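J.: Residue-level listing of the chains:
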Amino acid sequence: MSDGRIEVRLLPKGCGPQHGAPVHIAYVDVGEFAQAGLALDEGLQSIAKHVHSPVAINVFDMEHAYTTTSDGLCVAGAIVAFAAADGGKIHPEFGRLFCKEREVTPATFVREPHLKLGYARFPGRKLFIGPDPLQKIVPLHNVAISGRVVNNNSGTEVMDCVTMEEMLVPILGQLQILRDQDILWGSTGKEISVGIGCTIVEDYSRSQQFLQCKPGDTAHSSGVYAQTLKARLPCIVAPKEVLATAILDALDFGLRPAAELGCSPAVLQVAAAYGVELNAHNITPAARLELAAIGINVDTLAQSGPALSREQIIRQADTIIPGVENAARIKSEQVIEKIRIKV
Amino acid sequence: MRAMHTSLPDWLQKLTAAVYQCSPLKTVVIKGLENLQYAKFQSLRTGRVELAVTALAADSRVENVEIVVVPRIPETMHTIIIKGFDKSGSPVRAILENTNILHPTEDVELVGFAAVEDRRPKLGEH
Chain A
1 MSDGRIEVRL LPKGCGPQHG APVHIAYVDV GEFAQAGLAL DEGLQSIAKH
51 VHSPVAINVF DMEHAYTTTS DGLCVAGAIV AFAAADGGKI HPEFGRLFCK
101 EREVTPATFV REPHLKLGYA RFPGRKLFIG PDPLQKIVPL HNVAISGRVV
151 NNNSGTEVMD CVTMEEMLVP ILGQLQILRD QDILWGSTGK EISVGIGCTI
201 VEDYSRSQQF LQCKPGDTAH SSGVYAQTLK ARLPCIVAPK EVLATAILDA
251 LDFGLRPAAE LGCSPAVLQV AAAYGVELNA HNITPAARLE LAAIGINVDT
301 LAQSGPALSR EQIIRQADTI IPGVENAARI KSEQVIEKIR IKV
Chain B
344 MRAMHTSLPD WLQKLTAAVY QCSPLKTVVI KGLENLQYAK FQSLRTGRVE
394 LAVTALAADS RVENVEIVVV PRIPETMHTI IIKGFDKSGS PVRAILENTN
444 ILHPTEDVEL VGFAAVEDRR PKLGEH
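Line by line, the protein sequences give chains A and B.
So in this note's numbering the end of the first sequence lands on 343, straight run, no missing numbers.
So in this note's numbering the end of the second sequence lands on 469, straight run, no missing numbers.
Everything labelled a hint here was simulated from the structure, so no lab data went into it.
Misleading hints may appear alongside valid ones.
Stated by the list, open to error - Derived, one-sided and incomplete: chain A residues facing chain B with beta-carbon distance under 8 Å:
(1) His-91
(2) Glu-93
(3) Val-104
Stated by the list, open to error - The following residues of chain B were derived to be distant from chain A, with all beta-carbon distances above 10 Å:
(4) Leu-351
(5) Thr-359
(6) Gln-364
(7) Lys-374
(8) Glu-377
(9) Leu-379
(10) Thr-389
(11) Leu-394
(12) Glu-418
(13) His-421
(14) Ser-433
(15) Pro-447
(16) Val-451
Claimed, not checked - The list that follows gives simulated cross-link-like pairs (lysine-lysine, DSS-like), each with its CA atoms no further than 27 Å apart:
(17) A:Lys-136 with A:Lys-100
(18) A:Lys-136 with B:Lys-465
(19) B:Lys-465 with B:Lys-426
(20) B:Lys-374 with A:Lys-89
(21) A:Lys-116 with A:Lys-126
(22) A:Lys-49 with B:Lys-465
(23) A:Lys-49 with A:Lys-100
(24) A:Lys-126 with A:Lys-214
(25) A:Lys-342 with A:Lys-13
(26) B:Lys-374 with B:Lys-465
(27) A:Lys-100 with B:Lys-465
(28) A:Lys-136 with A:Lys-49
(29) A:Lys-89 with A:Lys-116
(30) B:Lys-383 with A:Lys-89
(31) B:Lys-465 with B:Lys-357
Fair warning: this is a prediction, and the values are worked out from it, not measured in the lab.
C-beta: ideal position from N, C-alpha, C; glycine also.
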C-alpha cells in the first residue's frame with residue numbers, strides 16, 4: 001500500500017566523473033506512480049516540484065516493459081516517459097514526452113530482425129524505445145527541454161544548455177541503477193563515440209522516429225572523426241560483464257553482428273571472442289573506416305584467437321570489451337540518493 | 344493600425360518609444376535581435392507587444408524595461424552558409440550546411456519573477 005509517497009532514485013547534480021551530472025537526474029519506476037494513484041503527468045510534476053532545481057526525470061517500467069540498446073540488444077526494463085524540469089516546472093509544450101508502446105508481431109522482424117529476441121524472451125512485456133511523434137506539436141528531436149535542462153535521445157543524454165555541460169547515460173547503466181546494482185562511470189572515450197553510431201534499422205527509436213542505419217553501417221558516417229564525436233563526456237554505463245551478457249544472449253539466440261545487430265566495437269569484440277560469424281562482408285566502408293581508426297580491423301578480428309566460452313567471456317569482459325576511460329566501478333547505492341516524495 | 348508587417352527599424356523604434364512615452368527617465372533594452380539586419384514582424388503582434396511594453400512602462404514601480412526575444416521552440420534548425428571570396432571580393436564557392444541548436448526555454452529569463460502573465464496563444468493557434 002502507498003503511504004502517499006513515491007520512491008525516487010536521485011543522482012545529484014555534480015556527482016560523477018569530470019564535472020559530474022550537469023543536472024540532477026531522477027529515476028522512478030512507473031509502479032510508484034500507480035501505487036500512489038498518480039497519472040504519469042502528475043507523477044512527473046510531483047518530482048519536478050519536490051526537486052525544484054534543474055532535473056532530468058526518467059520514468060521506467062521495470063516489470064512490464066523491455067527496450068533495446070542502440071546496437072539492437074533487447075533487455076528487460078524500459079524508459080516509458082522522460083522529462084526535463086527547472087525551478088519546479090516542466091515546460092508545458094516541450095518539457096516531457098511519453099514513449100510509444102510498440103506492437104511487435106512476426107511481420108515486424110522483416111524490417112527490425114533484432115526484435116526477435118525480445119519477442120521470444122519477454123512475451124509478457126511491452127516494447128518501449130522512443131516517443132510517439134504524434135504527441136509532438138513541432139517536429140523536435142526526441143528531446144524534452146525545460147529552462148536550462150535538456151533530456152535528449154529519449155532519456156539517455158542530459159545537458160544543461162546554459163553551462164553547456166553534458167553527460168551520456170546509456171540505457172544499460174540506468175537499468176543497473178533501477179536495480180540497485182553496480183555501475184561503471186568514467187569518460188566515454190573513442191570506442192563509445194564510435195559504438196553509439198553503429199546502430200540498426202528501428203522505428204520509433206530512441207534518437208529519431210525512423211532510424212535508417214542498416215546493421216553493419218554507421219549512422220554517424222564521420223570517418224576518422226567518429227572517435228571524437230562523443231569521446232570526452234562523463235558517462236554512466238553498466239559494468240562490462242552486464243553488457244557482455246546481453247550481447248551473448250543475443251548471439252546465443254542466433255542474432256549476428258552486421259546482420260541483425262549493429263557492428264559496435266563491443267558487439268564485434270564479444271562476437272569475435274565467442275567465435276561466431278561477424279559478417280564482415282556486410283560492414284560498410286564507412287563503418288570500417290570508423291572502426292579502423294580506433295584499431296579494429298574487421299577482416300582480421302575473427303582470427304584473433306581461439307574461441308572462448310560464454311563464462312570465460314563474462315569473466316574477461318573488462319579486457320574484451322573496449323571503452324570508458326578512467327573507469328571506476330561503484331555500487332549505485334553509493335551515489336544514488338533514494339528519496340521518498342510526498343504526493 | 345494598418346494590417347501590414349512592421350520593418351525591423353520600425354519595430355525597434357515603436358518599442359523604445361512605448362517606454363519613453365511613459366517617461367523619458369525610464370530605460371529600455373532590447374536583446375536577442377543583435378544579429379538581424381533586416382526583418383519584418385507581424386503587425387498585429389507588434390501592436391500587442393507595444394501594449395505590453397506600455398503596460399510595464401506605465402507601472403510606477405518599473406524603472407527599466409528589458410525586452411528579450413528568444414526562439415519559442417527550443418530546438419531550431421539553422422542553415423549555415425559558408426562563403427568563400429577571392430582577393431578582389433568576388434564569390435568563389437559556397438557550401439550550405441545545417442545544424443540544430445538547443446536553446447534554453449523562456450524560463451531562464453524569468454527567474455525571480457513571481458508574476459508572469461502568459462499572453463501567448465498555443466503553438467499552432469497563432
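J.: Any of the earlier hints contradicted here, and which numbers?
T.: The structure breaks hints 3, 12, 15, 16, 19, 29, 30; every other hint is satisfied.
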